[in-house]
Every structure is written in structure tokens, then in C-alpha cells.
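There are 4 protein chains.
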Amino acid sequence: MAIVDITVIPVGTATPSVSEFVAEIQKVLQKYEGKVKFQLTPMSTLIEGDLKLLLEIVQELHEVPFQKGLQRVCTNVRIDDRRDKENTMERKLQSVQSKI
Amino acid sequence: MAIVDITVIPVGTATPSVSEFVAEIQKVLQKYEGKVKFQLTPMSTLIEGDLKLLLEIVQELHEVPFQKGLQRVCTNVRIDDRRDKENTMERKLQSVQSKI
Amino acid sequence: MAIVDITVIPVGTATPSVSEFVAEIQKVLQKYEGKVKFQLTPMSTLIEGDLKLLLEIVQELHEVPFQKGLQRVCTNVRIDDRRDKENTMERKLQSVQSKI
Amino acid sequence: MAIVDITVIPVGTATPSVSEFVAEIQKVLQKYEGKVKFQLTPMSTLIEGDLKLLLEIVQELHEVPFQKGLQRVCTNVRIDDRRDKENTMERKLQSVQSKI
Numbered sequence: 024m025a026i027v028d029i030t031v032i033p034v035g036t037a038t039p040s041v042s043e044f045v046a047e048i049q050k051v052l053q054k055y056e057g058k059v060k061f062q063l064t065p066m067s068t069l070i071e072g073d074l075k076l077l078l079e080i081v082q083e084l085h086e087v088p089f090q091k092g093l094q095r096v097c098t099n100v101r102i103d104d105r106r107d108k109e110n111t112m113e114r115k116l117q118s119v120q121s122k123i
Numbered sequence: 024m025a026i027v028d029i030t031v032i033p034v035g036t037a038t039p040s041v042s043e044f045v046a047e048i049q050k051v052l053q054k055y056e057g058k059v060k061f062q063l064t065p066m067s068t069l070i071e072g073d074l075k076l077l078l079e080i081v082q083e084l085h086e087v088p089f090q091k092g093l094q095r096v097c098t099n100v101r102i103d104d105r106r107d108k109e110n111t112m113e114r115k116l117q118s119v120q121s122k123i
Numbered sequence: 024m025a026i027v028d029i030t031v032i033p034v035g036t037a038t039p040s041v042s043e044f045v046a047e048i049q050k051v052l053q054k055y056e057g058k059v060k061f062q063l064t065p066m067s068t069l070i071e072g073d074l075k076l077l078l079e080i081v082q083e084l085h086e087v088p089f090q091k092g093l094q095r096v097c098t099n100v101r102i103d104d105r106r107d108k109e110n111t112m113e114r115k116l117q118s119v120q121s122k123i
Numbered sequence: 024m025a026i027v028d029i030t031v032i033p034v035g036t037a038t039p040s041v042s043e044f045v046a047e048i049q050k051v052l053q054k055y056e057g058k059v060k061f062q063l064t065p066m067s068t069l070i071e072g073d074l075k076l077l078l079e080i081v082q083e084l085h086e087v088p089f090q091k092g093l094q095r096v097c098t099n100v101r102i103d104d105r106r107d108k109e110n111t112m113e114r115k116l117q118s119v120q121s122k123i
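These protein sequences, in sequence, are chains S, A, W and Y.
Following our numbering from start to finish, the first sequence increments by one per residue and tops out at 123.
Following our numbering from start to finish, the second sequence increments by one per residue and tops out at 123.
Following our numbering from start to finish, the third sequence increments by one per residue and tops out at 123.
Following our numbering from start to finish, the fourth sequence increments by one per residue and tops out at 123.
Check before you lean on any hint, since a few could be wrong.
Where chains are identical, the list cannot tell them apart; a pair therefore holds if satisfied intra-copy or between any two copies.
Said to hold, decoys possible - Cut-off 20 Å, straight-line C-alpha distance, at most; resulting in silico cross-link-like pairs (EDC-like, lysine to aspartate or glutamate):
id	residue 1	residue 2
1	Lys75	Glu86
2	Lys54	Glu109
3	Lys122	Glu56
4	Lys75	Glu109
Just so you know, the hints here were simulated from the structure itself, not pulled from any lab data.
Predicted, not measured: the structure shown is a model, and the values here were computed from it.
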């Protein structure tokens, strides 16, 4: 089980606001309900699931601004993949909080 | 007002677990209570405040694994800085959620 | 044409050195000679080509430390994708250098 | 000795081109000639030197698009900091190339 943390930055938007693109990304993710877990944070979108599927979703989310007419997109992805034990968003938070 | 999103990855830990370092980072941040806002997510730590102070905190958090004896640290920082309107973690989330 | 910039950080290596993993990544890329362009920098590996293929390569490179026995890998990917004009590593450098 | 890898993405540029901002960043860096080493790659700018100074430079480079009238900037920084041996851009490349 892997977790990806993705930001999709549209370049050439004329205005500083990008929230319409981030909202559209959340709508795309709703199609994957039950297959992956996802969480919006103030800085990015986190998605948990099988890595192959996650990278397909990364590509789909990266396409969102192009579909809205933009010509350049800069996407940033962090992948955290741990295979000696269950690696879920919930477990990671608990593991840190138990040590504070 | 800027927001930074930081991950501090200690290299050479012998085991795959890094939660003790992330927990220590949360303890360091508690010193800044009232000066910055911070939030732990499953993938990183978000900090909101004056950018100059945020970058000083980035350096302090980056030092945490060295203080615990590690010899190499890879830190990743995303800065989101918007100056035409109030740029807070809370407002960013609301702006996206109002458009879903 | 897209460009990805990838760092693959193995977690739990016992020593601070990760160059053996980076070298193995260059060997994997040699299989793709002619299909993508790639360049090693002191901080990451850059790969230029069709985005779908690039993301398949990202997954393959991310597997390298697991194949060498590691149990956790943190991979960081920046994607730059521009569709109004040819977006190559060479053209990007020239475009900046002509303006300095 | 630390190395930082920085991309400064101006948001709200009207056009997809950002090379004028990247060129300006190289001009700012020329002021630091002799104090830090720097290298432009097709995807980012690498800077080697004392970490405290590097983070001051990060802040200065992040200001470049604001000085040109933009209202939002998303900056991404990777820090690689190794203290058991000399950590230079040149040595890192040699270390990988000797293992390919």
C-alpha cells in the first residue's frame, strides 16, 4: 500500500486563484471512491492505494487543467511506499501521535 | 502570509520507521505556538506564518535528525505564498470546498 | 512532450550513502535509450518523453531499492508539461540562457 | 555543506512561459559568486554552500516574481545535507558515475 501526495499547479491562469482546479480534482477522485482513500489538505491532495493505480490517477489529475484550456501544468508528487508493515494514512498519524 | 509544507527524511536510519523524528518535529513546533499555525498530515507538516520565520523553522526542523545522531537528511519544502488576499490554511480549504 | 525530475530516496539503508541506488537507476534507464532522453544531475534524474511512458518508468525506478532488499522508499517527482510549444530539456535551457 | 534544488513557479502569469523569471533568478545568483556554487538544469536551479546562507538565498529567489508584479508564487525546495563527508555537487556525480 502506497500513499501519494500531489499538487497540480496550472501555469498561465491570468489570476492567482487555482481553487477551481483543485475542486475539479476532488470531483475526479470521487469516481475512485472504494478503490482508493483520499484526503484534501490545505496544501495538497493525499491518495492511498495500490501504487500502479495511484500513478494512473496522478496522470488523470494532471490532465485536469489542460481539459480546462490551460497549456502548461507543473505537478509535484511525493510517494511514500513501505512494505514491511501496513502503510496507511491513519496508521502513520497514529504512529507519530503516540510518540509526541 | 505564507504556508510551507515540509517533509524531513533522515537517511541511514537502519530501520524503515521515521515516526520518532516526525514526533520530535511536532515537539519543536510547540515552542512556536502563537507565532505560527501548524498541522500534521499523514504525509508532511504544514506551517502557516511569516515567511522569514517559516524558513528559520524549516532549518531548525531539518536539524532534528542530525541532533539524534544521523549524518544525512533530505528535506522537501513546498512554499505557497499569495499576497493579493489572506492566504491561510483554513481559507484555502474553504475556497476549494465551496466549489466542489 | 513532458519532462519529469525524479529523486528516489531509500529509507533504512544503515549508511548515509545512496549512490549505488542512483547508479542502478541509470542502468535501468539505459534500456529506454532512444525512447526517452535522460540526464543525471547532482540532485536528481531528468527524463524527457511521452508522459504515460515517463510515469511507467517512474514506477520502475521507484522499485529499484525494493529489489535491493529495502522496505521503504520515498520518491519525489516534479512533472513539467507544456503543450503550446515543443517542451524539451534543451529548448528550456536555451530559452533561459537567451534572457540572462 | 548542503545542496538545495529550487524551482520557483509564478502563478497568474497569463502566458505559459516562465523563462524570464528563471533568467532573473540566475542574475540574482551572480551576486553570490564565490560564496556559493550554482548550476542551472532544465528543471531547476542547484545551489551548494552553507545551509543558513542557502535558505536566505531561497527567500530572495522566491521574491523575484513578486518584484515583477505577480501576486502568488509556489516554490519547491529539496535540501540534501550530508555531514559525514564532503557533500558537493561534483563529488555526488562522480560517486554515482563510478558505480554505473
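Consistency of the hints with the structure:
1. Both within a single protomer and between protomers do Lys75 and Glu86 lie at most 20 Å apart by alpha-carbon distance, with minima of 17 Å and 11 Å respectively.
2. For a Cα distance limit of 20 Å, the shortest separation of Lys54 from Glu109 qualifies neither inside one copy, at 24 Å, nor across copies, at 32 Å.
3. Within a single copy, Lys122 and Glu56 get their C-alpha atoms only as close as 31 Å, which misses the 20 Å cut-off; across copies the closest is 19 Å, which meets it.
4. Taking identical chains as interchangeable, the C-alpha atoms of Lys75 and Glu109 lie at most 20 Å apart only when both belong to the same chain, with a minimum of 17 Å there against 28 Å between chains.
This entry does not satisfy hint 2, going by the numbered hints stated previously; all others are met.
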